[in-house]
Structure formats: C-alpha cells, structure tokens
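J.: So the protein sequences, as listed, match chains E and W.
Residues 1 to 298, numbered by full-length UniProt numbering, are exactly what the first sequence covers, in order.
Residues 1 to 300, numbered by full-length UniProt numbering, are exactly what the second sequence covers, in order.
Be aware that a few hints might be false.
Unchecked claim - If you anchor each label on the Cβ, the simulated ranges turn out as follows:
id, chain 1, residue 1, chain 2, residue 2, range
1, W, Pro210, E, Leu36, 18 to 28 Å
2, E, Leu33, W, Ala82, 18 to 28 Å
3, W, Val16, E, Ser160, 33 to 43 Å
To be verified - Away from chain W, derived, C-beta distances all over 10 Å, residues of chain E:
id, residue
4, Gly35
5, Ile84
6, Ser86
7, Pro147
8, Glu202
Rather than coming from a laboratory, the hints here were simulated on the basis of the structure.
Cβ atoms here follow ideal geometry from the backbone N, Cα and C, with glycine treated the same way.
Below are the chains, spelled out letter by letter.
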Amino acid sequence: MTTTLTKQQRPETPLRDERPTRVRRPAGRRNWLGGLAGWLWLAVVFIPLYWILITSLKAQSNYYASNPLAPPDDPTLDNYQLVIESDFISYFVNSVVVTAGAVIPAVTVSFMAAYAIVRGWRLRFLRTVNALFLMGLAIPLQATVIPVYLIIIRMNLYDSLLALILPSIAFAIPLSVLILANFIRDVPKELFDSMRVDGATEWTTLWRLAAPLTRPAILTVTIFNALTIWNGFLLPLVLTQSPSRRTLPLALWSFQGQHGVNVPAVLAAVVLTTLPILVLYAFARRQLLSGLTAGFSR
Amino acid sequence: MSASTDSARSSGRPGVLPWLAVPALVFFVGFALIPLVGVLVLSFTTWDGIGAIHPSGLTSWRAVLSHPGLPHAVLVTFGVMAASWVVQTPLSILLGTFLAGRQRYRAVLSLVYFVPLLLSSAAIAVAYKALLDPNFGLGAGLGFEWLSKDWLGRPWLAFGVVVFVVSWQFIPFHSLIYQGGVQQIPQSLYEAAQLDGAGRVRQFFSITLPQLRYTVITSSTLMVVGSLTFFDLIFVLTEGGPGDATRVLALDMYKRGFQANLMGPASAIAVILVLVGLGLALLLRRLGGRDAGQSQLEGI
Chain E
1 MTTTLTKQQR PETPLRDERP TRVRRPAGRR NWLGGLAGWL WLAVVFIPLY WILITSLKAQ
61 SNYYASNPLA PPDDPTLDNY QLVIESDFIS YFVNSVVVTA GAVIPAVTVS FMAAYAIVRG
121 WRLRFLRTVN ALFLMGLAIP LQATVIPVYL IIIRMNLYDS LLALILPSIA FAIPLSVLIL
181 ANFIRDVPKE LFDSMRVDGA TEWTTLWRLA APLTRPAILT VTIFNALTIW NGFLLPLVLT
241 QSPSRRTLPL ALWSFQGQHG VNVPAVLAAV VLTTLPILVL YAFARRQLLS GLTAGFSR
Chain W
1 MSASTDSARS SGRPGVLPWL AVPALVFFVG FALIPLVGVL VLSFTTWDGI GAIHPSGLTS
61 WRAVLSHPGL PHAVLVTFGV MAASWVVQTP LSILLGTFLA GRQRYRAVLS LVYFVPLLLS
121 SAAIAVAYKA LLDPNFGLGA GLGFEWLSKD WLGRPWLAFG VVVFVVSWQF IPFHSLIYQG
181 GVQQIPQSLY EAAQLDGAGR VRQFFSITLP QLRYTVITSS TLMVVGSLTF FDLIFVLTEG
241 GPGDATRVLA LDMYKRGFQA NLMGPASAIA VILVLVGLGL ALLLRRLGGR DAGQSQLEGI
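Chain E on its own, in the form it takes in the complex:
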C-alpha cells in the first residue's frame, strides 16, 4: 500500500505525506538481493555448526554408517567423556587463569593510562605515550613473537602461565587505551571540575567519577580482550611446552593430532572448548557483540 501511494504521488509535485515518512522504508520495496544473501549465508553458517553439534553426539562406531546431516538415532555423551578424561578440565582452568590474569590488569592499567591521556593532554609526555599506543595498533604484534620468546626465556618464565599473561597484557593495551580514552573524553568537564572543587584527588576522581560513568566501555573492552586472549593460539604455542600448561585452543589442536580419525570426539572437543563463550553469548549477547566490534563500527 505504501508503495502505491508513492507511485501515485510521483507524477505530481511531491506532496507531503500525511503519515510520518520514516515508517515507510522498512516496509517499502523489498531488498530481494539482500534477502537472498541473508538466507544463503544463514545456510552457509548454520550447516557446519549443525554438523559439528550432531556429529559430536554420535558414537564413533556407527558414525560412518549414518547420514551425516541426520540427527543421531541414539545420542551419546561418550565423546564428551573422552574429551573430559583427556585433561580438558585442567586446560580449561589454565585458560581461565591466563584470561583473568591478563584481562584484569590489562583493563586496569589501560583505564588509568586513558584517564591520564585525556586529563593531561597538555603534557607532552602523555601525548607521546598516546602516539606510541596508536603506533602499536598499526603493527602486527605477532611479528614480535621471537623477541618475546627470548625475553621470556631470559626471565626464566618459559613454559609457565605467567609467560602467556605478560605479553597478552602488553598486546591488549593499545586498543583498550584508545577505546577507553574516547569514552572518558565524553564525560562532561563540569563533573571533573566539581570533583576538583570538592577537593578530590585525581586518583579518587579516576575511580569514583570516570570509572562508573564509563562502565559500558570498560565492559566492552573487557569482553573484547577476554575473547582475544581466550582464543589465543600463537603465544601458548611458542611460549609453553608441557601438556600441563596448555590452554584450550592449543589443547584442541593437539587433541586432533592424537584422535584425528575419531571425528565425533574431535568435534565434541570443539563444542566443549566453545561452550563457555556460547553460555556468555546466551546471557549477554548485546554486550558481547559490542565487545566484539569494540568500537570499530562507527
């Protein structure tokens, strides 16, 4: 109906529509191409995920006999049991320790630095620090892994979880500072002024004013860094050696190396290592998605 309205009006001089025009576009002419792409891509994303899930519930013995896209006749958790018996609980603990141990300090020091940069912009030192962090954004930090390895060896930290935590903090800082500084900049100057009049120090202002007011940004940055570090692969690969120090992605890779033929078990491991993030996704989808793009979308 809306489309016919527009068509009728077009020949004459554009008349003012009596209804708010904003309502019209979503219901307007259909975006066939976008719709087609949307549904096609849904299939491209969904089919592998579905296959991973149902295969992980099939017994290895009758896995080959069944239609790979049909749900299992009698689902079994044997594969999951095998994965858990292969020490995945301790790899999970390692991942939690590394992620929490890196993200909490990373966000804390980044927040302090961002606050200093915004509030002390007139100081050349802080502008230089800011420029350094910006440069860090443009550099593929993976390329520094060899000297990082050397430093970790020299610090006698090789093959420890701390070896993963320290560089992870450093790699997280540039983007965290950038995003947090953008948000602190939006805090009205009057609020800072009134804190100062009340005699608050910068330290109190930082935690009592800036931190509560920028909580969404802190959450975003925390989630983004947590995902990056939780999913990290290169640092654990290069900086650890013993199986007891593996984090989940590395454990997953070596599990496939050992049980490659046992496809259901490998896929159960994939599901299991992703489960914590999927649970988070179910409960905090909005925060997670904004954390994922971490301010990249304008």
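Position chain W against the provided structure of chain E, taking the given hints into account.
T.: Chain W only, in chain E's frame:
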C-alpha cells in the same frame, strides 16, 4: 601558564597524571616496543633459539632475500589478502544492509550469524579439517563426489579453502560494522530519493554505498592488516601446505624460527611483516583520508 580552564584545572597537582600512565607504558615497552626493536636487532644475528646469540651482519638477510621461498610467501600472503577482501567486502556490505533492516526475523537470524565470531580460529580450523576430510568428512558421508575432494591436499583447493574459512569466520564481524554504518545513514536521503523515483538498486548505489565510504575504509583496513595475522587458522588447517601453497609470511616466520631453529632469518621475515603491515595501513589511510585508528576516534 595560560589561563585556560584546562591548565588551571589540575595545576595544583601536575605530577600525578603522568604516573597513572606508567604501568601501561611499562608493559607496552617491555613486551611490545622492545620486542619490536629486538626483532630488527635479531635479524642481524645467528641464533638457534636455545644457545648463544651471535652477531652475523647481513647473513640472515642475504639468506632470506635470496631464498625463493620469500617471494612465494609474499605472493601467497597478498593472494589470501586480496581474495578474502574480494569475497568478504561485497557479501559483508550486502548482509550489513540486510541486517540493518528492523524486521524481527532479521534480529533472530543475526543470532546465528554471529556464532562464528565466538569460535577460536583453532576451533574453526579443527572443525573444518574434520569436515573436509576426504574419507571421514561431510562430503564422504553424504556421498557427494564434488564435496569429497582432497580439499587440503591440492594447492589451489587448499588456497580456496583458506579463503572460504577466513570469510566464514570474519564476514559476520564485517557485516556488524556495515550494519552500524548503514543505520547511521540519515533516512531523509532515502526519502528524498524515493520521491525522485529512485529504485532500490539505484538507492543502494547512489546513497548507501557513497555514505558507507568511511565504513568501507575502516573495514578494509581491518581486513587487510588483519589478514597478515591469519597464523592460527592456516597453521592448524594446512600447516602452510600442501607443499608451500598456503605458506603466508607469518607461517614462514614461525616455521623457519621455531621449527627449523633459524631465528635470524625468521626475524628478518618478521621485519618484512611489520613493514608490510605499516605500509598497508599508511596506504589505506591515504586512500581514505584517515585510518582505522582515527575513525574509531569518532566513537561508537
């Protein structure tokens, strides 16, 4: 001192603020900046990764630059970069425009769309390796001839698989960026175009695309610079193979350094990687008038 409110504000405590930046600076200098300088220094040495480090002048650079592996790795790196850009950009714009619509079912669809973003590259690679297995994978199970090829065993197929899996993983991310970009385009532009009789396609090319100009630059910068760091995915999926068909620079660095124990040449490759990354970031910035860092400054 000027009388501006800025300097007056904390003139009483000039020494506190710089200290707040010090912890972050220490971490960044210790584990990012020093390593960045270190990688340049190490490229002029010989080191097996365990023993002593010996200065050796240009030996590593000569070895790297004269090795036919380098041009090949550069070619593969740019090949993956270009192919994944060509696949991802149009699809991401299309999907982003689609998702920007306010219909209910699109919000439901987007629940599924974003799942690949949550998986680690390692998990994705492990899953696809199983899925594409010529004997035990999905194709073999379905009995489809065309799907049960030796995907990771033929150079061009493996290259295609890498590009596909990269797109599978990252299109959701870029769609999300484009979705945000499309939602910021003023409705009045579309209303005006509609009154002028512009069709859907015309609107897309005359309004949506030009308005997304900066979003395209941001997304492309992230895609291009990000493609230099596809280490985990390719490492787990193909280990750079078959032969060296998917051996990108990052993988070349790892294999020479940590598998062949030639840290000098590996560092030289790392330096090349840094230079390529910086060069691309500068180039894209020139193309778009600003870089990803600046466009983020616009806020969320």
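J.: Now tell me, hint by hint, if it's right for this structure.
T.: Each hint, compared with the structure:
no.	hint	result
1	Pro210/W - Leu36/E: 18 to 28 Å	holds (23 Å)
2	Leu33/E - Ala82/W: 18 to 28 Å	holds (24 Å)
3	Val16/W - Ser160/E: 33 to 43 Å	holds (35 Å)
4	Gly35	violated (7 Å)
5	Ile84	holds (17 Å)
6	Ser86	holds (14 Å)
7	Pro147	violated (3 Å)
8	Glu202	violated (5 Å)
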